[in-house]
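For reference, the chains in residue letters:
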Amino acid sequence: MSFTRRGFLKLTGAGVACLSLGQLGFDLTEAQAYATSLKTKGAKEVITICPFCSVSCHIIAHVRDGKLISTEGDPDFPVNEGALCAKGAALLSMSRNEHRAKKPMYRAPYSDKWEEKDWEWVLTKIAKRVKETRDKELILKNDKGQTVNRLESMFLLGTSHASNEECALIHQAMRSLGVVHMDHQARI
Amino acid sequence: MQTVAATPQKPLSTGKSLSVSQTLHAACERHPALAPLIDHFSALYTARANCIESLAQKLAEDPHCPAPAIHPERLEQGVPVLSDTDIEWAAAYYPEVEATLFEYLEAIGTLEKAVLQFKTAVAESKISIIQLLRAAVDSNESVFNKNGKTAEIEPAILLFITQQVLSCILGAYVTVHAKPLSEIFWREAYCPVCGSFPDMSILQRPDADQSEFLAGGGGKKMMHCSCCSHQWHFRRGTCPACSNDEAGAIHYFHIEEQSGERVEYCTKCNTYLNNIDLRNSTATPDFTVAPLTLIHLDMKAAQKKLKPLVHTLWNTF
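Chains as they are written, first to last, in our numbering: chain A, 25 to 212; chain B, 6 to 322.
Everything labelled a hint here was simulated from the structure, so no lab data went into it.
One or more hints might be untrue.
[Said to hold, decoys possible] Simulated crosslink set (BS3-like; lysine-lysine; CA at most 27 Å straight-line):
1. A:K63 with B:K312
2. A:K63 with B:K310
3. A:K91 with B:K273
4. B:K273 with B:K309
5. B:K310 with A:K91
6. A:K68 with B:K312
7. A:K65 with B:K312
8. B:K310 with A:K68
9. B:K309 with A:K65
10. A:K68 with B:K273
11. B:K154 with B:K124
12. A:K63 with B:K309
13. A:K168 with A:K152
14. A:K111 with A:K91
15. B:K273 with A:K63
16. A:K126 with A:K137
17. A:K141 with A:K155
18. A:K91 with B:K309
19. A:K165 with A:K152
20. A:K155 with A:K137
21. A:K68 with B:K309
22. A:K137 with A:K149
[Said to hold, decoys possible] Some chain B residues flagged as far from chain A (calculated, every beta-carbon gap over 12 Å):
23. S22
24. D67
25. P68
26. T115
27. K310
The C-beta atom is built at its ideal place from N, Cα and C for all residues, glycine as well.
Just chain A, same shape as in the assembly (with noise of 0.2 Å):
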């Protein structure tokens, strides 16, 4: 015998296989009318790469009229196996979740009370809240009088949301400002 994919095809396509209830004398009318008023839902599989750590963990994003409805770790993937850590397992909510911050959110000093703002507000305040610190707290030259440039009282957080020429560009600024202390959100 010749081997071929194309040699299971043949009885299964439209030649000798296709025996059906109708020719053996079954009568389908009620069960094509059960059928027919049945209602479906439907969507797809995705097979995506989890956004929170340098593991990459493969998801199986469930995506219907394009928004995500539901998420599941992906069992193939070696790495994995299907398992999920909390973050990963928690992924639906990030885009899904009415509980999240949809809005950049303000709550001043000694405040007890959380403002919405809009971005330029936003922006702008960070914008010159960095400005402040910085002309405020570099520090220019070390005890032994060498020049150094570093800002200790600011830090910054990395994402994992962030693209590798994002966090490039992203360390780059901070680098520039003097910032020495840095870390990702992945390690906590």
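Given chain A, work out where chain B should sit, using these hints.
Just chain B, lined up with the frame of chain A:
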């Protein structure tokens, strides 16, 4: 690249296993409109399960039944175990299948006359059971056309009856040699034992022996062979018909509120395969008869102009 793994596939996770009649009864409760149709096949599939169990006991003690010849090089090239091998031993079990199964087969629709003609043709050596079994494994259509004329049986019905015989014998073969066959690492969508396409896929429950520190939720996909009932692992996200593995290749739909049974299809080749997600229930159905209980999904798929991966009695309209 295909390789032969040394480690066996993990067995299906535990759950209450349902018998053929329990599986069909549960389906009738879920879909009362299908009960008249499903009831017709209850006796046949119960007899088939009993026949497989009985044959398995005999096969285990039969010196003429060869152990599976597992050659890594052949498997790596996608050649199933029984391809090109001698299956003459299988014909020796035909009389028992005929004795235990055919009376129920005769009761299916208008099959009685054809089954009697089949028995007579075999008894009078007009057709060779060895040749028919070999032709079914090899997908040799011309043998069924030729023998159909000789025995005055429609080729499609001749193939159907032959498949019933072959399913019993190979079902027993797969039961007896479950361990070595489960150790085969296989990446194709057709069966590593007999080469048939699957009639259904199954999403497994979580493995019972996984790490307590990082537990997965299950969902490993197993294909169920439409002929010998062997199960093998297949990748999620890949179309079994055209091997399309682009992101979002696999679409699916299910009946509202019944997400445990679904139709998975590829929009590139328009082919579908029914799926049962075991994570949605504590009971494990009998997989040989489960495809029949999904006939409403086959009808829905046909309404959506989808093509089945393998034609069976349940999905050809």
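Cross-check of the supplied hints:
no.	hint	result
1	A:K63 with B:K312	holds, 20 Å
2	A:K63 with B:K310	holds, 16 Å
3	A:K91 with B:K273	holds, 21 Å
4	B:K273 with B:K309	holds, 14 Å
5	B:K310 with A:K91	holds, 25 Å
6	A:K68 with B:K312	holds, 18 Å
7	A:K65 with B:K312	holds, 19 Å
8	B:K310 with A:K68	holds, 18 Å
9	B:K309 with A:K65	holds, 13 Å
10	A:K68 with B:K273	holds, 13 Å
11	B:K154 with B:K124	holds, 15 Å
12	A:K63 with B:K309	holds, 13 Å
13	A:K168 with A:K152	violated, 31 Å
14	A:K111 with A:K91	holds, 20 Å
15	B:K273 with A:K63	holds, 24 Å
16	A:K126 with A:K137	holds, 17 Å
17	A:K141 with A:K155	holds, 20 Å
18	A:K91 with B:K309	holds, 23 Å
19	A:K165 with A:K152	holds, 24 Å
20	A:K155 with A:K137	holds, 26 Å
21	A:K68 with B:K309	holds, 16 Å
22	A:K137 with A:K149	holds, 18 Å
23	S22	holds, 22 Å
24	D67	holds, 24 Å
25	P68	holds, 25 Å
26	T115	violated, 4 Å
27	K310	holds, 14 Å
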